[in-house]
Structures are given as structure tokens and as C-alpha cells.
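Chemist: Residues per chain, in single letters:
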Amino acid sequence: MASSYPPPFEGTGEVKEGFLCPLCLKDLQSFYQLQGHYEEEHSGDDRHVRGQLKSLVQKAKKAKDKLLKRDGEDRPDTGSYESFYYGGVDPYMWEPQELGATRSHLDVFKKHRAARIDHYVIEVNKLIIRLEKLTSFDRVNSDSAKIRAIEKSVVSWVNDSDVPFCPDCGNKFNIRNRRHHCRLCGSIMCRRCMEFIPLPLAQKLINGTREALCVPGSPGQSQTLPAGGGSSGMGSRRGSISSLSSVTSMLEEKDDEKIRCCHHCMDTLLKKQQKLDEKDHIPDIVKLYERLRMCMMKVDEKAPDYIRMAESLNAGETTYNLDTAGGLRLEVQKYYELIDALSKKILTLGLKDEPQPHPKALQLQKMIRYSATLFVQEKLLGLMSLPTKEKYEELKQKRKQEQERRLQQERLAAQEALKRRQESEKTSTPANGELPQAQRAPRMTKAGGWLPSAESVHSQSELEDPLLQQIQNIQSFLRQAREAQKADEVAMLEENLRQLEDEYDQQQTCIAIALSEKLAKEESLQQGELQRLEAQELEDRRQWGYTVSSTQPAINWEPSLDISHTGGCQEDEDTTEEVLTPKVETSALAVMAFPTLTSQEDSPPRLRSLGGHITPPGGETKSSSPLNPFEEEELTPTEEDSSNPFFEDIKKERSEVTNGKNDYNPFEEDADSEEGKQADAARGNPFEEDDADASNPFMEPPGNSPDVSTNPFDGEDDEDLPDVDMIEEELLLQQIDNIRAYIFDAKLNGRLDEVELLSENLRELQHTLQEQKKKKH
Amino acid sequence: MNVTLAVKQYISKMIENSGPGMKVLLMDKETTSIVSVVYTQSEILQKEVYLFERIDSQNRDSMKHLKAICFLRPTKENVQHLIQELRRPKYSVYFIYFSNVISKSEIKTLAEADEQEVVAEVQEFYGDFIAVNPHLFSLNLQGVARGRSWEPSMLTRCTQGLTSVLLALKKCPMIRYQLSSDMSKRLAESVKQIITKEYELFDFRKTEVPPLLLILDRSDDAITPLLNQWTYQAMVHELLGLNNNRIDLSRVPGISKDLKEVVLSAENDEFYANNLYLNFGEIGTNIKNLMEDFQKKKPKGQEKLESIADMKAFVDNYPQFKKMSGTVSKHVTVVGELSRLVSERRLMEVSEVEQELACQNDHSNAQQAVRRLLQNPRVSELDAVRLVMLYALRYERHSSSILPSLMDELNRRGVSERNRRMVQAAVEYGGKRIRGSDLITPTDAVAITKQFFKGLKGVENVYTQHQPLLHDTLDQLIKGRLKDSQFPYLGASSLRDRPQDIMVFMIGGATYEEALTVYNLNRNTPGVRIVLGGSTIQNTKSFLEEVMSATGQQRRRREVTGDRSP
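These protein sequences, in sequence, are chains A and B.
Sequential numbering from 777 applies to the first sequence in my numbering.
Sequential numbering from 52 applies to the second sequence in my numbering.
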């Protein structure tokens, strides 16, 4: 409901909704939390904030500016509590550490590597080309001399005489230890340092390199040609000639199936071969691992969805379908099984092979399995189960009940808070009373002394009921008027308030009086204004709607002002205690009643009031007219709640009409008590009200509306408003009917407390009705 | 300013850079410690790092389906190992990260070794220190001093460690050092030299108040590492030895196999994180609560746990429970062992006298207490020696010093020659002649009044009344009152404002008591962040080793100069 009333000042910007704390505007998720928050954080604030703001009083500024100013003042006050208790910060709480400095050497590295790689690639390619030349002819069928000639043509051999020792092992060459030339680079080594490249390897290297070099489109061509020629030629003739060649090789060392080379060249070629081998080879573990990762990713993707669903379903919500969730659960579980199976497979990979894989490979497998287990453990534990169908139905039912129960609870809490408020009003008014008294001295001199109060009201206004807003509006205008030193306006407004007090709600006045006379006045002024506004609205409507001359009572009230102010209230002092409970409740609940009422009888009065408003200011005399046009104006804003500018105009009009009858003091007190009351109210009441209201908008308001509508007449209509009474009767009857309907509804839903409340209201209404009837006859 | 996170960030960045796929982490001995302190195995497994290998390990198979992340210190040996590795790569791709500045020439040799083009990244990530706690780092260096000057290799390593901390935290600080210590000055200059040389690296965003590096020397406060500790972390280190957050419990009587070595890391162990700085009594209560909580979950556990022995029995009786609560059994074991040692070694009594020696000024009382304890057979040799040491340091120049008779007492107890020599060594290391600050008797009026009031107020906890000297030093530093005459700035410029980000380095090792002090200062001083580092984290045993290695050379020199000073 808070949100249905825009803030009183257009300039205050956005309209906040929800359970906002009136002081720090923090959104708290439920009113319980808000209550807790308020009690925790702001219960002590009140005085402090005000004290702070007192110092600002001198600066006369526009209300809006002040509002902003206050925000600025207030926030550090409430926001600093976190850092307030600890001076410093736990090192664990230090702000996240950004990545430290880094420096990349990759560019330099690449530059050096590129130079090296060029060299290396040339080297390798040179070897491969030579290898190709060495194997391109039919080695088996050529005689050794021819082979040697060809081999020598491929690379120039180092002169024997230049190399007296084997460069690798350092042994001296002699007749026993003969020199051997590397066919690939031409260098010399001894027999022991010599290596052989088997032809198949050579073939493989050549093919692999060609493959890598040739255009991807035509790999087959280049591959098959030399391979087919080379291997078939070799394979067919090998057997027949081997015996022969073996004899010659003893002497000549003819290499028909292998190529001699030094181990440097061999090394290079082996590396090349390894690279070729690895290029296309994907070990099993990688294939399995990739599938494993894919499953994990799927789980990461789907599990949160499922958990959301399951949570919702387990809470009995109907957002998701039980079957869909079941399906998803199956799917996720399937992935878990797959992960388990895959990781097991990885674990046992190669265990049966001979020889056993390298221990490190086994360790890798073990670790993958371990991490998969961890993954499953961690995620599967979070995977809650779904309710069965029956259970789900049960849950749904339960949730429904739960929701209802909660509504009930909230309502109860609201009422309790109301009661508490009353009590606190009873008990804590002394505390409140002290404040204004303490502040009296500066206030007396400074008209703006209660600025802060008005401002604190502003901040709450978004949440408060419209009447409080209205009061606050009036006060802000009053303040402005004071700042502008328009004494007449001020006086008029004050008078207004006093009239409200006299006319209405003696009980409220008495509560205050019981504690201290002055305080009582303040208290009642404020309450009175609140309810008077309400009453006047009703009255006005009725007056405008049903009777033509409503000016009469208004005039009558005026003289009674001063008397009831002090005397009247004291009379009621003794009754205070008993009346207290229902009274305050109603005043607060009036918030609800108000809109409902307006909606009930909205259009005719307003139309009329619009019509009526133009004439009075101009045409009426100073003494008799004041109340009506003004009240009427006041009404309109209350309903529409965008009243301020409008309102002020009217007040100015009014101020021209009536000149200051009242002195400052009462009004200031009023403001003070208003302030105190605001704090009181803010402690819990308005929010609970909002909450209860938000949850069942129809139950409460109508139930209480009769109260509001009857109350105004309780006090005065006996003597003052016979005409109004007559018409009221119809309305009363109508509302009695309404209440009966609500009681029935409440009974049906088992909200006993509500029923009680409503029936009380009903009785009151009936009582009023009877009284009225009596009077009439 | 969080050193733990700084290292963690580096490592996760390395892993992140290498992309998806199975990975192996190649490290050297030191980087293994650096990584293992901040990451647990399961944590790092989740990032697809499945193997952890030492670069110098020969027993590595070629696994071309793995990506290798190399995190290495830029030492000559490591570069050589890496060259061998690149010549015959065992893994498909190499992401190389050096923990400190590496020379261009070494990059070149590496590049030339990478004929197979397997290197995908070469970077410097400055995680060249052990991040023990968010505000505490160590370099795990023992024996940094030879006499009163640096062991040359240690100076280099300390400089590297310290500059890497600065780089990881992105701080280019002003430097202050302890004037009385030549080593402090040398280290300060050495750090400054690196900052100047690598000015490009240290070009960080300027803060309003520049950070401050304060270099101190352990020899200024030899008392703190000699005291028995009563907060959890410090106590564990003092009594069991905390090495890279690991405790060796294998000597604990009747220890189960899986608890022979346990890890105490505040990062992953909530109980430890919450109790790190609590004292022994509080931990006892907390562990009891923890146990009772677990017990509540168990329907059977009805009997009340009264003592730590009960708790141990309880844990032993529930094997499955034990499995479920590894943390609980770990801490119960550790605390149980601590309490066993405390009662066995009469540590309460010993500690009381230690604290009295360190904090009070009552010679006759102190000497009586020391003598009494020396006669108690339950007091261990180490404790006896350290009591005498504390006495010797505290009443070094006292007119009626009974040190000789205490030494006789030690001799009578059969304390080994080496241990008795340590007393002398400790005085040589941290005696009055060496100290630059007033460790023991405050001289200025403020401190005297403070101590006087402290005396009036009485002591809250007799076992933890000692405040390390570091507290006063930092307190003065924070308040901007640290004397330039004792702790001069390196270079002309000095800090005008009060410092905000402070790094303190203790040559010769910091202690966990000092870590606690710094932790509390951080918590209680708004706007100030302090990181403490040490060449190592000392307990009494390791400190005595440090003292011995530092004074070993000096003794030889003295023998040459003769016995002029007894």
C-alpha cells in the first residue's frame, strides 16, 4: 500500500516499494526482517539523528534540499556501523588481490627459436632429401661399387686422411678399426659409433615429410608412388639375394637394407620420426578423457537447472512439472553413471597389457579417476531427490496452508505491533515527552526548530498512511510558512490543527495528558489532526453530498477550541486506559479504511467539492467561511496525494481570510509530538500495516472503515451535527452489511482474530446506529 | 596485500592460460612448497592438473597427451633441466613460468633448445615466496647469517623473495631499515638495486601514500622466538613444527597411519581458520563443542566428553565417524598431542616463568623461579636451556647475575655441551651489545609510565603477557613516530604521511607470535595493512639453529682475537 501513495514531494525521485526501512531506505525482504532491522539499528538513532540535525536548523532551506541533506547526514550514521566496531580489517577480509605483476619473454624466446628452428628444419630436410636419394635406386640389385658411387654423389665424403681418430669415441683408426662414412653427412666415425637406418624407417620418414609438405588435396599420389615402388621391390627380392649378399657384405660391407649414418644424423631423424608418429596418434586415454570432460560439462550445465526445479517442487510450488524434473534427474544421473564408468575405464587402461604402462601413466589414470570421484561425490550430494507424486500433492497442500498460516501470522504480528505501540505510547510517552521539553528552549526561539522532525517524516512518508502524510504535508507547509515568516499562515494552520483536536479523538489527547499536560496536547493535536482530516473528509463529503449547509457546525466548533483543549481532555483522562486499545488501533487502521471509503463514495463528493471550492474563498466572510473551503481542499489532496503545491495555494488563500488567531507554542508542541509519534509509529506499525494489507487487501480495510466513519460522530454529532447523522444512518446500515459479509468471509477462512475485530466494529456500528435512531425520534 | 591470494592468482592464471585438457605441473623443490601451501590437491585437480612432477626427476615417462605447466625458480640448474626437457620433450606443449626475473641469455639458450617448438609460453610470474597466511610470508631460508653479515647466496635469495613479494602485490615501496643491523642495510640496498634495475617492472600506479618496506633484524629481538606459545598456530609450530602448513605427527605415540602427516591450512580448514589465533584454552573449548556437535548427529554418542582423552577415545570408537570427520579427528589429534606435551613438559609452569622473565623486572623472583624449574626433572632439556637463555638475555648486565651458577645447574642436569654453548651463542646473537632498540628496559618516559600502568593493572593472562618488540616498532611506525635515527630511509626521500601499506621483513625469521601481533594490528588499525615476512618462520628449535649458524663463525674469530671479553 505504501507504494500506492506517491511521495509528497515530486522532487524526491523514485518511488521505492517493498519493506523499506524509513531511516536508511534499505529494502528488507519481509516485514519481520524490517522490524528486526529497525529495532536493532534505529531504536537508538532517533535522538541522535535529531540531535545532529538540530545543528542544521539555522540554515533555512527548502524542504526538498533539506531532505537531501538529511539523507547525506543520516547515511554515514547508519552505514558506518560495519567499520565502526572494528577499526581495521581482518587480513582475510582484505579486498580481492589482483593478479600481480607479470612479464612475458615469449617474443624474445620466439625470435631466438625461429632462428634456431630455421637452421634445424633445413638440417632435417637436407637429411631427408639425401635419404630419399639414397633409397631411390634399387640398392639390392646394384653392386657395391655402384652404390658407393651413388652414395658419394649424394654427399661428399670427408677425406680419410683428415680424420685420424673417431670424433665420437676418440679411438684411433687403423686397419682393425676402420673408418666409416656417414651416408647422410659424409663424416667419419668408427664402427662402434656407427648407426644404421633401416629402409622402412627411411621410407617412412620420406613419405611423412612429403605428406606434410605436399598440398592437402593430393596426399594419396605422393604417398603411394615411392612407397609402392620401394617396398615391393625390396620385399620380392630380399629373400633370394640375402644369402649372396651376406657373403659379400662380410668383405665389402654392402648395405642393401640399411643406410649407414652417424648418430647425430640418426638422432635428428629419430626425432623427426617421433614427431611424425605422434602427429595423428591419439592415445585411448585422451579419447576417454574427452568424453569424460564432456559428461562433466553436461552435468555442470544441467545440475543447476535440476536443483532449481527440485527445490521448487519440494517446496510444493507449481512452477515446474514433476515429470520434467524427473526426466532431467534421470538424465543427470545417467551422466553421473557415465562419468563413473568412463573414469573406471581410464583407471584400468592398459593394466592387462604387457609390459605394464609406466608408473606415471598409471598415476595419471588414478588421479583422473580420483578427480572424477570427487566430482561425482560433490555434485551428486547436492542433487536432492524429488518428491513422489503423492508426496508432491501433499507438499502443495502444505504449502498452501503454510502460506495461509503466514498471512495469519503476519496479521497477528501487525496487531500485536499495534498493541505494542499503544503500550509504548502509554509507557514511553514520558520519554518522548522529555524530548520536546528538553528541546523547548531552542525551539521557542527558533521557528525552524522542528525542521528535522518534518524531514524525518518525509523519509517515512512513502510508507506512512495517507493521513500521516497529510499531516506531514501540512507541517512542511507550516514550516515553509514560518521560514517565509508568514505568521498568518502559520496561525491558520495551527488553528486548524487545534480544531481538529477539539473536534475529534479525545482519547488520544487524554493519553498524552495523563502523562503530562503539555505533552498530552501535543499528542492529541497530532492524533487529532490525523483523524480530523479523515473525519473532515467524510464529513465534507457528506456535507457536500447530502447537506448544503455544513458551514454551521464548523463555526460552532471554533469557540469550543480553547476549552476542550485543556479542560475537555482532562475530563477524559480517567477513561484513557480502557479506550486506549481500540482507539489507537483504529487510528492506525484508518489508513486502510481511507482508500476504501474514498472508492466507495468517491465521485459525487469530489465533483461537488470541486464545484464548491471555487466560490467560498471569494464570497465568504472572514469569520464564518474558513473551515469549509479549506477542508475541502485538504480532502482532495488526501485522495489524490499529489496535493502539495495545490494545498499551499489554498492555504495562502486561507491566510488572507483568517488572520493569526493562535500563538506559536501549541503548534510547535504539536509538531514535536508528531515527531515523537512518527518515531513510535515507525518502530513497527506502519510496515506491519502495509504488510498485512498487502497480503489481504480486502479483509482489513473494510473491517475498520466503519470505525473511522463512526468515530467522528461519536464525539460530536450528538450535539452538533443532527443533519449529518440522518444521512449517516444509511451509510451505517450499508457498512454494517459490509462488515457482516467480511465477518462471514473471515470465519470461513478461519481467521478468528479478524472475526473478533470485525464483530467489535460491528457492535460499535450498531450502537451508533441505535443512538442515532434514538436521537432522531 | 593478500600474499596467499597473490600466489593463488598466479597459479590459477598459469592453469587458465594452458587451456583445457590434461595437465602436468612441473616444479622444482621450492616451487613445490610455494604451490602446495596455497593449493590443495583436490582443488588443483578440479583444474585438470593431474600430475605433479619435479623437473629434476628422472622417472618421468613421455606423455604427449599432457600439457606441461612449468613453474620454476630461475636457477641455473632449473634452466639446465629445462633445456634437457625441451630437447626431448615428454609432453606436448610447455607453458613456462619463472618465479622471478630471468636473464635474457638464459631465455636465448632455452629458445635454442626448443627445436621441436613445444614451448607456448614463457613468462615471469613473481610467486617466489611461501604464503603462509594472507599477511605472512616466508622464504624458508635457514642460516642466513654468517657472523653478523650475510651468507652471500642467502642475500640473493632474500632479495629475490622480497622483490617478488613486491611485484606480486604490485608495490613499489620506500624502504626503511634497522640501522643497528648491517644485514638490514645490505638487504635494503640490494632490494633497491633490483627496483632500480627493473624499473619497468616496478612501474605501478602511484598511490597517494607510497607503500613502505621495513627491514628488521631478528637479533634485535631474540626473546620472542624463545618463548613458549599458546595460540594454536604458534603453539603447533613451537611444539610440533609447522612446515609449509604441514605437521609431522609420526612421532606421536600411537598415531594412526593416515594422520602421520597432517595439513593445517586456513584456506581449506574452517576450524583451523577460526581458531588460528585463539589460545589453547579456547581451542579446547571449541574442539569440545565441535565434537559435541558431531556427537549430537550421532544417535549413539550419549556420554559426555569431559577431557581431551575422552574425545580421543570417542573418536577411536567410531571409525566411520572418523572417516566422516577428517577435520575433527585431525584437530583432536593435534590438540591432544599438544596437551600431552604441555603436561609432560610442564609447559604451563615453564611458560609462566618465561613470561615473567620477558615482561617483569624482578630479578630475585626470576632467578628463584628459574632455579626451581631447573631442578624439576620433568622440565625438558630444551626448556631448561631456553630458560637460562632468557635469563641471560634479560639480566645480561645485572650486577648480581647468577648466570654462572645456572650454567652449573645445567651442567649438573646433564645438558649437552652443545646446548650449553647455545646460551652463550644466544647472548652473542641478541645481546645488549648487538641490539639497536630497547628490547628489555624502556628508557623513554612514555614507555616507563606505560609499563608502570601495566604493572598496576595486573596481567590478564599470565601466559600471553609478552608483546613482541615488533608491536612497538609497528605501532610507532603507524603513528608516524618511528625514529629516523634508528630506522633510516634508504635514499633521500622520506614518507611525510603515516604509512598505509606496510611490508615488514625480518632477517633471521619471523615468528607466529609476531604474525598474530600483525594480524591484530591489521584488525585494529583502520586504513593500515601490514604484511609480515621472514627469511623463515622460527620456533625455538629452528631459532637456536639459526643462532648457532650465525655465531659459529664469530666464535672462530673470537678465538683468534683472544679472550678479552668473557
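Keep in mind that the hints were calculated from the coordinates and are not lab data.
As the structure is a computational prediction, the values presented were derived from the model and not from experiment.
Think of the CB as a built atom: it goes at the ideal place given N, C-alpha and C, for glycine as much as any other residue.
Careful: at least some of the hints might be erroneous.
Derived DSS-like pairs (lysine-lysine); straight-line CA-CA distance at most 27 Å [as the list claims (entries may be wrong)]: (1) Lys155(B) - Lys1142(A); (2) Lys887(A) - Lys381(B); (3) Lys381(B) - Lys1120(A); (4) Lys1142(A) - Lys308(B); (5) Lys80(B) - Lys115(B); (6) Lys1155(A) - Lys1121(A); (7) Lys1120(A) - Lys887(A); (8) Lys1120(A) - Lys59(B); (9) Lys1051(A) - Lys1063(A); (10) Lys381(B) - Lys1136(A); (11) Lys1063(A) - Lys141(B); (12) Lys1074(A) - Lys98(B); (13) Lys64(B) - Lys1142(A); (14) Lys115(B) - Lys1121(A); (15) Lys1074(A) - Lys1063(A); (16) Lys311(B) - Lys381(B); (17) Lys98(B) - Lys1110(A); (18) Lys127(B) - Lys243(B); (19) Lys1165(A) - Lys1155(A); (20) Lys887(A) - Lys308(B); (21) Lys902(A) - Lys1051(A); (22) Lys115(B) - Lys1063(A).
Computed spacing ranges between beta-carbons, pair by pair [to be verified]: (23) Arg879(A) - Glu128(B): 48 to 54 Å; (24) Ser937(A) - Arg197(B): 55 to 61 Å; (25) Thr91(B) - His1057(A): 33 to 39 Å; (26) Gln193(B) - Asp944(A): 44 to 50 Å; (27) Gly542(B) - Arg879(A): 56 to 62 Å; (28) Glu128(B) - Lys1128(A): 35 to 41 Å; (29) Lys1128(A) - Phe255(B): 53 to 59 Å; (30) Gln193(B) - Leu1046(A): 41 to 47 Å.
Chemist: Each of the hints needs a verdict: does it hold here or not?
Modeler: Hint-by-hint comparison with the structure:
no. : hint                               : verdict
1   : Lys155(B) - Lys1142(A)             : violated (40 Å)
2   : Lys887(A) - Lys381(B)              : violated (53 Å)
3   : Lys381(B) - Lys1120(A)             : violated (30 Å)
4   : Lys1142(A) - Lys308(B)             : holds (21 Å)
5   : Lys80(B) - Lys115(B)               : holds (24 Å)
6   : Lys1155(A) - Lys1121(A)            : holds (21 Å)
7   : Lys1120(A) - Lys887(A)             : violated (45 Å)
8   : Lys1120(A) - Lys59(B)              : violated (31 Å)
9   : Lys1051(A) - Lys1063(A)            : holds (20 Å)
10  : Lys381(B) - Lys1136(A)             : violated (30 Å)
11  : Lys1063(A) - Lys141(B)             : holds (19 Å)
12  : Lys1074(A) - Lys98(B)              : holds (17 Å)
13  : Lys64(B) - Lys1142(A)              : holds (25 Å)
14  : Lys115(B) - Lys1121(A)             : holds (20 Å)
15  : Lys1074(A) - Lys1063(A)            : holds (17 Å)
16  : Lys311(B) - Lys381(B)              : holds (10 Å)
17  : Lys98(B) - Lys1110(A)              : holds (23 Å)
18  : Lys127(B) - Lys243(B)              : holds (24 Å)
19  : Lys1165(A) - Lys1155(A)            : holds (25 Å)
20  : Lys887(A) - Lys308(B)              : violated (53 Å)
21  : Lys902(A) - Lys1051(A)             : holds (17 Å)
22  : Lys115(B) - Lys1063(A)             : holds (13 Å)
23  : Arg879(A) - Glu128(B): 48 to 54 Å  : violated (22 Å)
24  : Ser937(A) - Arg197(B): 55 to 61 Å  : holds (59 Å)
25  : Thr91(B) - His1057(A): 33 to 39 Å  : holds (34 Å)
26  : Gln193(B) - Asp944(A): 44 to 50 Å  : holds (46 Å)
27  : Gly542(B) - Arg879(A): 56 to 62 Å  : violated (25 Å)
28  : Glu128(B) - Lys1128(A): 35 to 41 Å : holds (40 Å)
29  : Lys1128(A) - Phe255(B): 53 to 59 Å : holds (58 Å)
30  : Gln193(B) - Leu1046(A): 41 to 47 Å : holds (46 Å)
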